[in-house]
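With the hints as your guide, set chain L onto chain S.
The residues making up each chain are set out below.
2 protein chains.
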Amino acid sequence: MAAEGEPTRIMVAVSESTIKGYPHPSISSRGAFEWTLKKIVRSNTSGFKLLFLHVQVPDEDGFDDMDSIFASPEDFASMKHRNKIRGLHLLEFFFKHCHDIGVACEAWIKKGDPKEVICHEVNRVRPDFLVVGSRGLGPFQRVFVGTVSEFCVKHAECPVIAIKRSASETPQDPVDD
Amino acid sequence: MAAEGEPTRIMVAVSESTIKGYPHPSISSRGAFEWTLKKIVRSNTSGFKLLFLHVQVPDEDGFDDMDSIFASPEDFASMKHRNKIRGLHLLEFFFKHCHDIGVACEAWIKKGDPKEVICHEVNRVRPDFLVVGSRGLGPFQRVFVGTVSEFCVKHAECPVIAIKRSASETPQDPVDD
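Those sequence lines, one after another, are chains S and L. Just so you know, the numbering used here puts 89 at position 89 of the first sequence, and the rest follows in order with no gaps. Just so you know, the numbering used here puts 39 at position 39 of the second sequence, and the rest follows in order with no gaps.
Same shape as in the complex, but just chain S (with noise of 0.2 angstroms):
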């Protein structure tokens, strides 16, 4: 155990809050990231890499953030732009924190459903492991949200730890993150 070596890689998926949106992170996934650094990370800053996966889903028709459904193709090249820059802000968020302690990080950004991309990026990116946030939703709530986590510790082709939000931070609806 002397010699380090490479520093285990750690992929952490990470989202904004459902409640505030961009930049903030949700709950659950700033929950997560916060315990790893807490909880394996500790004072071994060289040790590890955190790469921090964000994935964007499209919306379905495309009008979501728009004033106008009179949308001309400027308009959408804009709000496609937008929404990039208001991803890279809410990366900015984790990276900033582990540049701030002297953790090594990349982020990133895909487009798609967040449990099918994570899991396609663990195949490309091979991480030693997965952390997720989770919502720590009930069976009945589950049906109607689906858990990115769940699917994750199922199917990935890594090891996969869900971090569940404590009690005291779970909002009021607690499908909301």
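The set of hints was computed from the structure by calculation and includes no laboratory data. Bear in mind the structure is a predicted one, so any value in this text is a computation, not a measurement. No false leads were mixed into what you were given.
Identical copies go unnamed one by one, so any copy, or any two together, can satisfy a pair.
The calculated lysine to any residue pairs, modelled on SDA-like cross-linking and capped at a C-alpha distance of 20 angstroms, are:
1. K111 - H81
2. K38 - R9
3. K164 - R126
4. K110 - N123
5. K39 - G102
6. K96 - W108
Using the frame of chain S, we list chain L on its own:
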């Protein structure tokens, strides 16, 4: 992250080899243990404490281990004692390795259904997270043998990380361990 404070307490559930029997650890528990040292503990040996739990399954008829079915109460007592000693020898494998590299640990034996007992001990001992080895069985094989890791991921009241055996370590019959 400068001050270290209390070590991170990792519970590691360990079992004996189904192929070689006591005192040899199962492939999956040895793998989960080595993974934890290599990927989590790394050189930060004072930052972690490992808590080894071995659950022994009581024989249904109590005669598994006997040369004769005409057992006296003394035979039973000595059999129970022998079994306990074997469990301690299994734990010694993990304990000794931790001692050699300077990682604090505790180890103990319980009797019962492993998946139930592990979740019960998580509630009692409150580790920061639980590491369990997994044989990585397919859905068909799982129906017949049940899987401790899957149960713990769902029911243990702490984060759980299941470590699958590598393909190169999987024995001819994947149910073996």
